[in-house]
Amino acid sequence: MAGKTLFDKIWDKHVVHEVENGPQVLYIDRHFIHEVTSPQAFDGLRKRGIGVFRPAQTVATADHNVPTENQHLPIKDELSRRQVEALISNCKEFGVELYGLGHPWQGIVHVIGPELGITQPGMTIVCGDSHTSTHGAFGSIAFGIGTSEVEQVFATQCVLQKKPKRLKIDINGELKKGVVSKDIILYIISQLTTGGCTGYFVEFTGSTIKSLSMEARMTICNMSIEMGARGGLIAPDETTFEYLRGREFAPKGEEWDKKVAEWQQLKTDEDAAFDKEYHFSAEDIEPMITYGTNPGMGIGIAQNIPMTSNGHTDPALRKALEYMDLKGGTQLLGKKIDYVFIGSCTNSRIEDLRMVADLVKGKRKADHVHAMIIPGSKQVEQQARREGLDKILESAGFELRQPGCSACLGMNEDRVPKGKYCVSTSNRNFEGRQGPGARTMLASPLTAAAAALNGYITDVREMIN
Amino acid sequence: MEKFTTLISTCVPLPYEDIDTDQIIPARFLKATTREGFGDKLFCDWRYDETGKPDPDFVLNQDKYKGSILVAGKNFGCGSSREHAAWAIHDFGFKVVISSFFADIFKNNALNNGLLPVQVTESFLNNIFSILDDDHEAQIKVDLENEEVTLMESNLTENFEINPYKKLCLQKGYDDIDFLLSKLEQVEAFEFSLMKV
Chain A
1 MAGKTLFDKI WDKHVVHEVE NGPQVLYIDR HFIHEVTSPQ AFDGLRKRGI
51 GVFRPAQTVA TADHNVPTEN QHLPIKDELS RRQVEALISN CKEFGVELYG
101 LGHPWQGIVH VIGPELGITQ PGMTIVCGDS HTSTHGAFGS IAFGIGTSEV
151 EQVFATQCVL QKKPKRLKID INGELKKGVV SKDIILYIIS QLTTGGCTGY
201 FVEFTGSTIK SLSMEARMTI CNMSIEMGAR GGLIAPDETT FEYLRGREFA
251 PKGEEWDKKV AEWQQLKTDE DAAFDKEYHF SAEDIEPMIT YGTNPGMGIG
301 IAQNIPMTSN GHTDPALRKA LEYMDLKGGT QLLGKKIDYV FIGSCTNSRI
351 EDLRMVADLV KGKRKADHVH AMIIPGSKQV EQQARREGLD KILESAGFEL
401 RQPGCSACLG MNEDRVPKGK YCVSTSNRNF EGRQGPGART MLASPLTAAA
451 AALNGYITDV REMIN
Chain B
1 MEKFTTLIST CVPLPYEDID TDQIIPARFL KATTREGFGD KLFCDWRYDE
51 TGKPDPDFVL NQDKYKGSIL VAGKNFGCGS SREHAAWAIH DFGFKVVISS
101 FFADIFKNNA LNNGLLPVQV TESFLNNIFS ILDDDHEAQI KVDLENEEVT
151 LMESNLTENF EINPYKKLCL QKGYDDIDFL LSKLEQVEAF EFSLMKV
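Those protein sequences? They're chains A and B, same order as listed.
Residue 67 in our numbering sits at position 67 of the first sequence, and the numbers go up by one each step.
Residue 173 in our numbering sits at position 173 of the second sequence, and the numbers go up by one each step.
Fair warning: there could be bad hints in the mix.
Stated by the list, open to error - Straight-line distance between alpha carbons at most 27 Å, and here's what the computed DSS-like set of lysine-lysine pairs gives: (1) A/K162 <-> A/K276; (2) B/K66 <-> A/K319; (3) A/K163 <-> B/K3.
In short, the hints are calculated from the structure, not lab data.
Please work from the sequences and hints to get the whole structure.
Here's what the structure looks like:
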């Protein structure tokens, strides 16, 4: 019998029932919820007169619309406040644990799950948020769902899903100077396009992936959705186990040893077949930046913005460049920018903050640039303070604020004004994503920090030895 | 959920690729705690200028295009998992979205709300766009039972695929939660078997 992929092993183990000619009933180990996509699902339960089936497997936090200043005060925006209050009362009514504003574990849902050790290898994990794919970095099947599906999981701890196809993305070799995991994933998406992996679940493999820290792996899995993939995972290894060891909800004592032995088995068999494979070389990857209005519109920082797409002047490209007020055939290097946003579930972990602090230490941002750093969680924020990163960042002119999704999607007041350019470590450069008319350029924390220092798009390789 | 069988309607064309859910419903409108009322904000940043005035160039503001079928370029609904996108389209009055390709999460969300995503070939989609260019009144028939989509005037027909289970749900107006609740004993047995491992 042919071998199985890691994805198949985890998925098949969680199938409760198969509908004839239909989807499968997939059992969910962990369900994360937040204030924006859960209220209608809780309402649904009330209408049916039922409760949350397995509240102990559900964890809530407030992240999407929370302010990133003065979190100890009542939320000023009335609609946001009501939504956060609804989360509090819903969690109370249905017995769901909430790490809300003021809680030492509050933060972006995809940052706190892993840092608390709730996310573990071999699990199925869902959340009403497309970047749930982040948790795949631990060798789990994690994917975003809609609110009706959130209600399904509340009601039955299961979700009806069609099994995706298997895709392997293999990256080998050593990364060049100034190239980090965000560049890897932006490069892959630029090659495979924004819809190129729709219908597939990705396993990232290869020596480059193996060499990455957990934070870096999370950045890669986080953005699998940006090429349309249902999710992305990485087989767990010593790096994974070391990250999890001793974390709040990670197994302890004998149970830990038993679990690690189990997790060590979580890998794709050598003779397992994927439906599709792509191979990339780490040496081909430069620091990346996007020029357009979807994450697939990315280039190496020193390259020219393309004139055409697939040999034609593609209307989508034309529309994107018009929105960005950029010209095909020109370089982005030297382009003046207005905002720098370091944060989001893609790049707001301690390693990201350290990377930025390391680059900006003893330097000062350009006067005209508004530079914001939003830590992914209270724990990240506290650790940054313990390590003295706050001092370094603040004296470089960066504003270190409180945790939340913030300017990644502009649900709170952290927005980029119309027509302004923002180099952002987040995951989406869609029209208006960071505020109506905002112009987003996605990049790594290093490239974003370099742009903040100079006030224009900069090749970070010129700043490091 | 509303039942769906057959629909004959004029169409609204949006011939852009990669329309993401942030365009369908921008994040700043996701603060409601109910499912209703999102139709007013559908494609808000394309539909209105900053003062809230309708942009006459945008298709939803043009009287010549009306109907319950939205026709959009490939990779429709990419990006965020917000079901608000499906709610907004449905709330506006669309019953069907036709495209040559849909993002996965959007497709599920649409089906869970009685909004039928109809995937056609690139050439069929281009045919629709060029016919709608010449004739705003052109009608399309979507026949769920026979899984057929037909351009009425030219009688061009194409089959579309839909999962048999999802098809039945739409035809009968069933929802997934009723189905899953009927499987709870099996779920408990599954949990029990995991505990024994």
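Verification of the hints:
no.	hint	verdict
1	A/K162 <-> A/K276	holds (18 Å)
2	B/K66 <-> A/K319	holds (24 Å)
3	A/K163 <-> B/K3	holds (26 Å)
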